[in-house]
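Asks: Residue numbers (the working numbering), protein chains in the order written: chain X, 5 to 332; chain C, 5 to 332; chain E, -1 to 323; chain D, -1 to 323.
Derived from the structure by calculation, the hints contain no laboratory data. Be aware that one or more of the hints could be misleading.
[Unchecked claim] Keeping only pairs whose Cα atoms sit at most 25 Å apart, straight-line, the calculated DSS-like set for lysine-lysine is:
#1 E:K309 <-> E:K249
#2 C:K169 <-> C:K140
#3 X:K140 <-> D:K309
#4 D:K44 <-> X:K169
#5 D:K249 <-> D:K156
#6 E:K44 <-> C:K169
All values reported here derive from a predicted model rather than from experimental measurement.
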Amino acid sequence: MTQQTLEHWQQMYRSLWRIRIFESQVQRLAAAGEVPGFPHLSTGQEAVAVGVCAHLNPSDVLYTSHRGHGHILAKGSDIEATMAEIIGRDTGLCRGRGGSMHLVDAANGVLGATGVVAGNLALAAGAAWAAQAQGKSDISVVFFGDGATGAGVFHETLNLAALWKLPILFVCENNGYAEFTSREEHSNVNHVSAFAAPYHIPTKTIDGNDLRVVHAEAGAAIAGIRAGQGPYLLECMTFRMAGHYVGDAQQYRSKEEMAAMLEKCPIERLKRHLLESGIDAAELDAIQNDATQEVLAASDRARAAPRPDPASVMDDVYTSPALHAITG
Amino acid sequence: MTQQTLEHWQQMYRSLWRIRIFESQVQRLAAAGEVPGFPHLSTGQEAVAVGVCAHLNPSDVLYTSHRGHGHILAKGSDIEATMAEIIGRDTGLCRGRGGSMHLVDAANGVLGATGVVAGNLALAAGAAWAAQAQGKSDISVVFFGDGATGAGVFHETLNLAALWKLPILFVCENNGYAEFTSREEHSNVNHVSAFAAPYHIPTKTIDGNDLRVVHAEAGAAIAGIRAGQGPYLLECMTFRMAGHYVGDAQQYRSKEEMAAMLEKCPIERLKRHLLESGIDAAELDAIQNDATQEVLAASDRARAAPRPDPASVMDDVYTSPALHAITG
Amino acid sequence: MAVHTFINILKRALDEEMSHDSAVHLLGEDVAAGGAFGVTRGLVDKYGDHRVKNTPISEAAITGLATGAALAGLKPVLEIMFIDFATLALDCLLNQTAKYRYMSGGQVTLPLVVRTQAGAAGGAAAQHSQSLETFFIHIPGLIVVAPSSPVEAYGLLKSAIRYGEPVLFIEHKRLYTMKEDLPDDYTLPTIGQARVAREGSDITIIAYSAMVQTALEAAQTLADQGISAEVLDLRTLLPLDMATIAQSVSKTHRVLIAQEAVLNGGVAAEIAARIGSELFDELDGPVERVGCPFAPIPFAPELERALLPGKDDILRAVHRMVGHA
Amino acid sequence: MAVHTFINILKRALDEEMSHDSAVHLLGEDVAAGGAFGVTRGLVDKYGDHRVKNTPISEAAITGLATGAALAGLKPVLEIMFIDFATLALDCLLNQTAKYRYMSGGQVTLPLVVRTQAGAAGGAAAQHSQSLETFFIHIPGLIVVAPSSPVEAYGLLKSAIRYGEPVLFIEHKRLYTMKEDLPDDYTLPTIGQARVAREGSDITIIAYSAMVQTALEAAQTLADQGISAEVLDLRTLLPLDMATIAQSVSKTHRVLIAQEAVLNGGVAAEIAARIGSELFDELDGPVERVGCPFAPIPFAPELERALLPGKDDILRAVHRMVGHA
Ligand SMILES: Cc1ncc(C[n+]2csc(CCOP(=O)(O)OP(=O)(O)O)c2C)c(N)n1
Ligand SMILES: Cc1ncc(C[n+]2csc(CCOP(=O)(O)OP(=O)(O)O)c2C)c(N)n1
Ligand SMILES: [Mg+2]
Ligand SMILES: [Mg+2]
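Sequences and hints are given; from them, build the entire structure.
Replies: Structure follows, in structure tokens:
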């Protein structure tokens, strides 16, 4: 490994840990009653977020699902502001209006998460259309689960993206579940990549728990999109190590399944690789510790931040403040 | 040809003419201002209706689109009652409530047309589910256009039909247009049959203007469905010889295109075949004349039928008449 | 007599209707696992996966499927996990389900219940907290039911399944853990009839779903202040039981309507408009409404609380209307 | 001054806005061919198929696409061919488009116009005739505009495109062939302001969209009968211009609200409820509504005519309210 690639992989290792620690912290805070609503963790799926987002500029647009913390952090959004939003503070990305499922960080190109399964796939295509229409080289990336492919709008959006040759990367994190129901009960279609074929959209099904694979394949896909080749569908096979939401006891999963998953942890896998490449274990531990400290410190700052002022509850329904008075 | 096959083809020849004459009559009546709304003709596409419906029993369920006159007549619905509905009479299939786009003849298994593109594909799957749940051997057939495959619910329904192995035949009449816009401007997907592959639904793209092909392929598909093999998607390539609706001047089509279409008229093609098989031209003319007389006589009876009583306008919003009073 | 939570009593109602009528089938996302809230938990073990059917995340298609099945002889009970996503089913409900009987000239019946869950609680935020019943009262051909307590839910769900029309059945998430006794001599309510939840003489508070509980709490406080409030539980939002409303208003001459949904274009508007027209001469003052200000439901608890209408809003409105006690 | 049909003047408005702002893009089914009614005909020749974009029959996705494009800097004007199919776009409009600014804490703006076409005429039947504006006035974050004439449509469409909010713009199919002069000194209307379409003193008739024309005809007949009716054209249904309404009601003390949509849960209910509450003391009698009885639109002309509210319904209501002339 060159010094450059070494640093590159160390940074991604750090990025994986930041997400993992961030979400463990969300889980802890949720257990302590500090998180409103029902957050969904991406634990076990971090390699997809990190491997894809490593190729994005701030001006590229990112859309994600209800399970989007990792994508947003990997795109570079501020940890403190993200946590502050998830715990409903005024300093949060959305001033406490959005929460875990509605994170938006427009300045960083994060146009947002959604609580409606497949609900923003077409919006992501819209961002791609706008880039195309404005002659920009930016692309749009949208993350979604395998369950989302049951929704009609997924197929409508594929058709449009192919027809208009939109610069968009569809990233499906196929974790084999939609809530408590396994993929087999949702569809005969094992691999989401199969949906690309009718539209002649290039696609690949890859090991989403191997950061090196995700990074390489996402890089190639994005290079093609930036070169004007139109949409790409990347299916990342992965595992949801946590429950569907924080609090889900996962009684529908066997012990064997849970154990097998741990084996495939994307962080452990990258770690093994880096160790084999000759990196010092102590160095990796330092990265992990450092990421932990960074996240926990940001989390503490977020927890100390003020709560939203109830008097501001009618802000921003419309752009013009005058409209609130009329319709309130 | 055996006597039996001969009679069989003669009957289908007659069925083609009944539809063709019926719709010419609709067009004539529309020009004379006798048809409310905007009827859509299936002229040029009759072979699909006749070839598929020849395999259906009255207890099989049929759903169709805005372009459904042919399917409904081919399934055996009464010509007079169908025409009466299209011209808005009290003796119409739906007592004048539905009209051309909402024909229903429940007693004959026609569960109906719809004016919402792709709007009843899932209903057809529901009929198939009901048959399956009730242990019946009936199947469900739904006709739709190529444009309907742009609608998400088409894909949602394919997924469900495959997953639940429903006894349903999807028949797409790919006429290359959705309203005034050609297929190329709607989709990169030339052949609708491509959509079946991800779900492992058996499919075929056939010449929908050759009645013999449609009859044979629909027969094979339906036999498989009745045998419990689950859904089938049959794509029939065809041509809309008339405008999108009665009154459409079709300025978006070239003279060459229009001329080429006439060449492929399904009635002419069957006629040529029957003549080559040694059937007498006079016999075929007699069938045509007979069908013409039958349709025109039925049309005249329909036109003489009473118009709906305005006082009945609130009937049947609900099953219980008491509800009208409460909510009216 | 036995105590039941809202969730468990719904399951009991489904269980009873499934066991007495083999045409009743359940379908929806995760229903075999019990659904997001456990209402259907265990029914798949009793009735099998051919009568309790998990579906893909395809709200449009499963609503169409249920509609087509109802037209073909089944009595489906479809679950749409959150009413927020019922918009994905709305084309079908509006353009197919509700109109089928009428458009066919009365040829068909459509016995279908669509269960869904609505309302705000605990930071579920803008896309999982809405009260969208208004969309559905504007659709001729539908019936809309919104129970206010476990026993009400039990009776109304059973009545809805037997009713033979397409019924939207709205469960409020805040009621799911509420407990109530089911009387041994319980008789099923009639769809379309409202209920006097508490008698009173100074003012009528009309409410439905969880807001009935809020109204009852407010009425208790008002009683302590010497104001006698009658609380009407609409039960059915479509059709509206104007007879019961008229009876109450002719007694109290003052009406407050409380809903959780945003006020503009809400159910309370229709009720107020009807009372304003049909009972104008009975009114001693304007018909008032309490509801959600015109904004999406925010995430943070302080904001959610600030926005949602509650007991205090009812008390304030009543005090304004009848003068302080 | 020049005479324009509703269709042609809409095209002119689009043309002008496209030529003055390169961010404005058109999209929808068949828009390159002109759409089902020819509104956009010819614009593709002038602006190219990268600014006038045909779409597949995918109402959900094209609405999402337009929303995402608006968030990313375009000003899309989306056509949904019939409002009946806007239900397919409703999840997006309700859960994404309308809430985006609020949920993001004000980070984004969403300049989007969704043009659609509504109303009954000529046997278009149950799925192509509806008036569904009510669904949209119940959605915080949206603006709903419904012009009543060619000139109104021209000004309101231009104002809507420049307004910077997500606007639903509802065109009534019966108005498409109406002709009107566009004054040379025409100034654009302000979104949110109603208009006195005819002055009067005995009763206020509030209407919007095509029903304004019906109300004006009724007012003319009433004038001949000695009844002076003021006709308000709401223009914008969300937000409601209560100030203009209050001004009129304080003068006439009697209000009739006319809409084509089914009455139950309709826009008129909200207006009636607000007037009943805010202007109770101004009222000399109940606020009345004219609208469609609670049924789908039937196909046969006799039935369609029997169901749809018209001039005679307005006259009857006014006569009941002010006593026969
Ligand atoms: C339209 C819609 N229907 C149902 C739900 C409820 N729901 C939330 S997450 C989820 C499962 C999503 O599965 P998948 O897309 O695979 O994502 P994952 O949770 O596995 O990351 C469901 C059904 C929803 N949020 N939106
Ligand atoms: C949901 C919906 N969107 C738009 C329309 C308007 N429309 C009616 S027919 C049609 C084209 C349908 O094309 P296709 O499915 O190929 O059927 P064809 O007319 O060619 O038989 C369109 C867009 C509609 N009826 N429903
Ligand atoms: Mg999943
Ligand atoms: Mg077609």
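Asks: Okay, which hints does this one fail, numbers in order?
Replies: Result: hints 3 and 5 break, sorted rising.
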